[in-house]
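In the order they appear, the protein sequences are chains A and B. Following this note's numbering, the numbering of the first sequence begins with 1 at its first residue and continues without gaps. Following this note's numbering, the numbering of the second sequence begins with 1001 at its first residue and continues without gaps.
Everything labelled a hint here was simulated from the structure, so no lab data went into it. Check the hints yourself; a few may be wrong.
[Unchecked claim] Here are the computed lysine-lysine pairs in the DSSO-like style, where the Cα-Cα straight-line distance is at most 30 Å:
{"hint": "1", "chain 1": "B", "residue 1": "K1067", "chain 2": "B", "residue 2": "K1056"}
{"hint": "2", "chain 1": "B", "residue 1": "K1042", "chain 2": "A", "residue 2": "K13"}
{"hint": "3", "chain 1": "A", "residue 1": "K57", "chain 2": "B", "residue 2": "K1067"}
{"hint": "4", "chain 1": "B", "residue 1": "K1042", "chain 2": "A", "residue 2": "K57"}
{"hint": "5", "chain 1": "B", "residue 1": "K1056", "chain 2": "B", "residue 2": "K1042"}
{"hint": "6", "chain 1": "A", "residue 1": "K57", "chain 2": "A", "residue 2": "K13"}
[Said to hold, decoys possible] From the derived model, a few chain A residues whose C-beta atoms are all more than 10 Å from chain B:
{"hint": "7", "residue": "A2"}
{"hint": "8", "residue": "I12"}
{"hint": "9", "residue": "K13"}
{"hint": "10", "residue": "T14"}
{"hint": "11", "residue": "I26"}
{"hint": "12", "residue": "E52"}
{"hint": "13", "residue": "N56"}
{"hint": "14", "residue": "N71"}
{"hint": "15", "residue": "I102"}
{"hint": "16", "residue": "T111"}
Glycine included, every Cβ here is placed at the ideal spot set by N, Cα and C.
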Amino acid sequence: KAGVTQTPRYLIKTRGQQVTLSCSPISGHRSVSWYQQTPGQGLQFLFEYFSETQRNKGNFPGRFSGRQFSNSRSEMNVSTLELGDSALYLCASSLGGARDTIYFGEGSWLTVV
Amino acid sequence: QKEVEQNSGPLSVPEGAIASLNCTYSDRGSQSFFWYRQYSGKSPELIMSIYSNGDKEDGRFTAQLNKASQYVSLLIRDSQPSDSATYLCAVSLTGANNLFFGTGTRLTVIP
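Whole structure, please, built from the sequences with the hints as guidance.
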């Protein structure tokens, strides 16, 4: 059974640009969550999508957005990149129930220069 | 104000000893509690989940929850060098799909 797949794994962007990250969940999983991990702030919840609808949202500015497609694949977008957006972005998927285990992908390493 | 607090460590224990990891949380409405392990350069993986007060054991791991004290802990018995990793405590007001993480405790098990 394939795990959570994130692409691209590594990318470098310039300040002011935008970036789109992709996440393919485990087959059958309908919930996709996104997290940002930095050395200073740790793992922070961005948002969660379930059946194409944003179900939960963290405390990030509107530059961070996401969407989910009918096949449960998800994308997140960061516009007007700032140096502080440099981080590991992790996607996690689950069946969607409150007690269902979430499984993380390997992450996308974003460096903003 | 941080929602989930953990000692950043590093915590060093000899092989075979018990490692004790602690976590406190600020929101009394938190309902779900999780411990994740993250090896360097890897993604987090779930070790334990706990939802009600008391202890929950799974192999060498025991999670303890005290909602009155807003405290959750993880004990690792017979620690092995392969347990060396960062341990992340996570809590949620609802379920597993929107977690608040602590910054993690780095554990080193010395052979």
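Verification of the supplied hints:
Our distance criterion of 30 Å between C-alpha atoms is met by B:K1067 and B:K1056, whose separation comes to about 14 Å. For a cut-off of 30 Å, the pair hint linking B:K1042 to A:K13 stands: about 22 Å separates their Cα positions. For a cut-off of 30 Å, the pair hint linking A:K57 to B:K1067 stands: about 25 Å separates their Cα positions. The hinted pair formed by B:K1042 and A:K57 meets the criterion: a straight-line CA distance of about 24 Å does not exceed 30 Å.
Proximity of B:K1056 to B:K1042 is assessed by CA-CA distance (about 26 Å); at most 30 Å being required, the pair is judged to hold. Between A:K57 and A:K13, the direct Cα distance comes to roughly 25 Å. Compliance with the 30 Å bound is thereby established for this hinted pair. Residue-level check passed: A:A2 sits 15 Å from the nearest beta carbon of chain B, beyond 10 Å. The claim that A:I12 is not at the interface with chain B holds, since no C-beta of that chain comes within 10 Å of its own (minimum 18 Å).
No Cβ of chain B approaches the Cβ of A:K13 within 10 Å, the least distance being about 21 Å, so the stated non-interface status holds. The claim that A:T14 is not at the interface with chain B holds, since no C-beta of that chain comes within 10 Å of its own (minimum 25 Å). No Cβ of chain B comes within 10 Å of the Cβ of A:I26; the nearest lies about 13 Å off, and the non-interface call holds. The non-interface label for A:E52 is consistent with chain B: the shortest C-beta to C-beta separation is roughly 15 Å, beyond 10 Å.
With a least CB separation of 4 Å from chain B, A:N56 falls inside the 10 Å interface cut-off, contrary to its annotation. In this structure A:N71 is separated from chain B by more than 10 Å, as the shortest Cβ-Cβ distance comes to about 19 Å. With a least beta-carbon separation of about 5 Å from chain B, A:I102 fails to lie farther than 10 Å from that chain, contradicting its non-interface assignment. A:T111, annotated as away from the interface, keeps every beta carbon of chain B farther than 10 Å; the closest lies near 15 Å.
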